[in-house]
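Residue numbers (the working numbering), protein chains in the order written: chain G, 7 to 263; chain D, 1013 to 1233; chain W, 22 to 240.
No wet-lab data here; the hints were simulated from the structure.
Hints are supplied without guarantee of correctness; some may be wrong.
Far from chain G, some chain W residues (derived; all Cβ distances over 10 Å) [stated by the list, open to error]: (1) Gly-49; (2) Leu-81; (3) Pro-171; (4) Tyr-224.
Okay, the calculated beta carbon distance ranges per label pair [to be verified]: (5) Leu-1222/D <-> Arg-231/W: 17 to 27 Å; (6) Ser-64/G <-> Arg-231/W: 49 to 59 Å; (7) Leu-34/W <-> Arg-82/G: 57 to 67 Å.
For glycine and all other residues, C-beta sits at the position ideal for the given N, C-alpha and C.
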Amino acid sequence: MSALIEFKGFNKFFGEQQVLKDVDLSVQTGEVVVILGPSGCGKSTLLRCLNGLESAHSGSLKLDGRELLDTSTDWRQVRQQVGMVFQSYHLFGHMTVLDNLLLGPLKVQKRQRGEAVAQAEALLARVGLLDKRDAYPRQLSGGQQQRIAIVRSLCMNPRVMLFDEVTAALDPEMVKEVLQVIQGLARDGMTLLIVTHEMAFARAVADRIVFMDAGRILEQRTPESFFTNPQTARAQQFLEKFSYVESLPERPQKELI
Amino acid sequence: MSFDFAFILGTLPAFLKAVGVTLQVGLIAIATSLLVALVNAPILLYRTPVLHRLVSLYVELARNTPLLIQLFFVYFALPSLGVKISGFAAAIITMTFLGGAYLTEVLRAGVEAVPAAQLESGRSIGLSEGQLLRHVILPQAGLLSLPALFANFIFLLKETTVVSAVAVPEILYTTKSYIALYYKTYEMLAVMTLICVLLFLPLSLLLSRLERRLQHGQFGS
Amino acid sequence: MASSGLELLLVSLPQLGKGAAQTLAISGLGILFATLGGVLYGVLATLGKRSVNLALRIYLELFRAIPVLVWLYLLFFGLPIFLGLSLPSFWCAVLVLALWGASEVGEVVRGALQSLPRGQREAGLSIGLSGWQLYGYVLLPQALKRMTPPTINVYTRIIKTSSLAVLIGVVDVIKVGQQIIERTYESVLIYGALFLFFFFICYPLSVASRALERRWTHA
Chain G
7 MSALIEFKGF
17 NKFFGEQQVL
27 KDVDLSVQTG
37 EVVVILGPSG
47 CGKSTLLRCL
57 NGLESAHSGS
67 LKLDGRELLD
77 TSTDWRQVRQ
87 QVGMVFQSYH
97 LFGHMTVLDN
107 LLLGPLKVQK
117 RQRGEAVAQA
127 EALLARVGLL
137 DKRDAYPRQL
147 SGGQQQRIAI
157 VRSLCMNPRV
167 MLFDEVTAAL
177 DPEMVKEVLQ
187 VIQGLARDGM
197 TLLIVTHEMA
207 FARAVADRIV
217 FMDAGRILEQ
227 RTPESFFTNP
237 QTARAQQFLE
247 KFSYVESLPE
257 RPQKELI
Chain D
1013 MSFDFAFILG
1023 TLPAFLKAVG
1033 VTLQVGLIAI
1043 ATSLLVALVN
1053 APILLYRTPV
1063 LHRLVSLYVE
1073 LARNTPLLIQ
1083 LFFVYFALPS
1093 LGVKISGFAA
1103 AIITMTFLGG
1113 AYLTEVLRAG
1123 VEAVPAAQLE
1133 SGRSIGLSEG
1143 QLLRHVILPQ
1153 AGLLSLPALF
1163 ANFIFLLKET
1173 TVVSAVAVPE
1183 ILYTTKSYIA
1193 LYYKTYEMLA
1203 VMTLICVLLF
1213 LPLSLLLSRL
1223 ERRLQHGQFG
1233 S
Chain W
22 MASSGLELLL
32 VSLPQLGKGA
42 AQTLAISGLG
52 ILFATLGGVL
62 YGVLATLGKR
72 SVNLALRIYL
82 ELFRAIPVLV
92 WLYLLFFGLP
102 IFLGLSLPSF
112 WCAVLVLALW
122 GASEVGEVVR
132 GALQSLPRGQ
142 REAGLSIGLS
152 GWQLYGYVLL
162 PQALKRMTPP
172 TINVYTRIIK
182 TSSLAVLIGV
192 VDVIKVGQQI
202 IERTYESVLI
212 YGALFLFFFF
222 ICYPLSVASR
232 ALERRWTHA
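All chains should be modelled from the sequences, with the hints used to inform the complete structure.
Structure (structure tokens):
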């Protein structure tokens, strides 16, 4: 079965600095790939190359067999197939929730309003926010906005969904509701590429962990294998930082006079 | 279409003089406007009873009417009330009237732009109101108003072209006179454009740079 | 005396009205084209194309370095020579106000668009919006509130600057006023009336601009 997404020998520079070095990555349809790595390792950039927000310098990037690093690529078409959710959700503040969801389907995909509204409302109901359809983003919490941002992308009927640190800007009590939505998508067989710092979540939802550092992919393993037995030194250092709290020694009880 | 360079060279002394007049009018207007503003701004900020309403009215009247009308009023209308003024004097008076209002606003806005947090921290370390003014408010207000002040100075310099309407021999008036006298329209327009660019473009670029540099410092305070 | 002054004004009203119509027409057309041009400028300036930005910068600095009155004379005296065009002074004035106004409005629009979070652009692109759609449905609507108060200020300046048209021969409200003065010598009255004419147009605009700014900055 050929891969849905395929990076081959992929390179990207920001000016003088090379942020992606010779990246080879294949993602199968229905796979959930979680990309981990220290800040600045290029994981977000990799995602953003997939929907054309960043351009590449050399290499190959294929979506469903079609080469995207081609001057004839119509990124508008690609973006309808590759949905992206951002850390700061970026809902359109001047529109109601429903209008946010309908903008793409109606104006880009030119679908019938009735059908688009039905889909939007069904998806809103699925994430438990149907009653907010006429609200404005500023009236909603971060967690609610992020769930709606996910629905906005889903309304385009994409084949792949990209998640770029989507819980990093949320208050802790709202992280769960968003992660549950993503888990639901994974269960339904949607192809997902997730960049996150939530280790427990990564472990639970991923089919494969991709570990990056300084623009290269260092490890690609199953979650269990990666978390219990990281092979490279960098991966070990990285995981150690996250286990810092668990591995703190117990505080000796102070003698209170 | 031939370009009469010899003629242009012949007019250079006159144009040099004209630039001098432009600078004279402009710089005097800047100075007097600043004085007016320094008197008015405290009145507005401290809300001196009665006076501050008058100053507000003055500012609104001066900023919402054209310089040309103000100029014509002073130069043409005042004589009928017995006050006879030269073009130069009318120009200075009018530009002070206008410039004073603009600069008053700039100074007022500068003081009001000092973040309240600065005043709070100043008071909480025990500064008196006088010390607060001298060490916290005025220095910061000064810095914050610099770009706007400079922008208004350039504005006043450029507005001197309007006083050509009352025969003040600045650059535009000189250009028009030469065109009327010698019909060398093409050459005179070229000279005038060149002088404007040489005079005002550097100032405008300087202002852009000043604005950019102060933006970087602003978030630090 | 005061009553004869008022009488004079009333009698001259038709004439002054015609002049005022010219002034307002010049201002109005200037404002219209400046707005259209300004939005175009602002959109072009935020496309991220270096050559476009350079061209816009040159255009902007040209209108900043050369005072509007000088531009009026350049066009009025220069167009016949350079292009063989003899544009009536009314249209010279409209053209200059439009071009100058567009650069000012353009800078406002550019600033407003650039102050929007970059993510809005990315989010819009990610759902497949085209450039036109991105600006039309997402960016410009959200920039509108930020653009409006400063743009109203530019409008006020256009209206005030339109007074310079009299200097290139347009028979606007000032010219009519001067004609009346020539006959009646009532310079204080007429210039005073002209002063108030402009004031009562520009002052409400200034107030509106400040009110909108206060209202929309806390939104």
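Verification of the hints:
1. Gly-49: 29 Å, holds
2. Leu-81: 27 Å, holds
3. Pro-171: 19 Å, holds
4. Tyr-224: 31 Å, holds
5. Leu-1222/D <-> Arg-231/W: 17 to 27 Å: 26 Å, holds
6. Ser-64/G <-> Arg-231/W: 49 to 59 Å: 55 Å, holds
7. Leu-34/W <-> Arg-82/G: 57 to 67 Å: For Arg-82/G against Leu-34/W, whose Cβ atoms are near 59 Å apart, the range 57 to 67 Å holds.
Violated hints: none; the structure is consistent with every hint.
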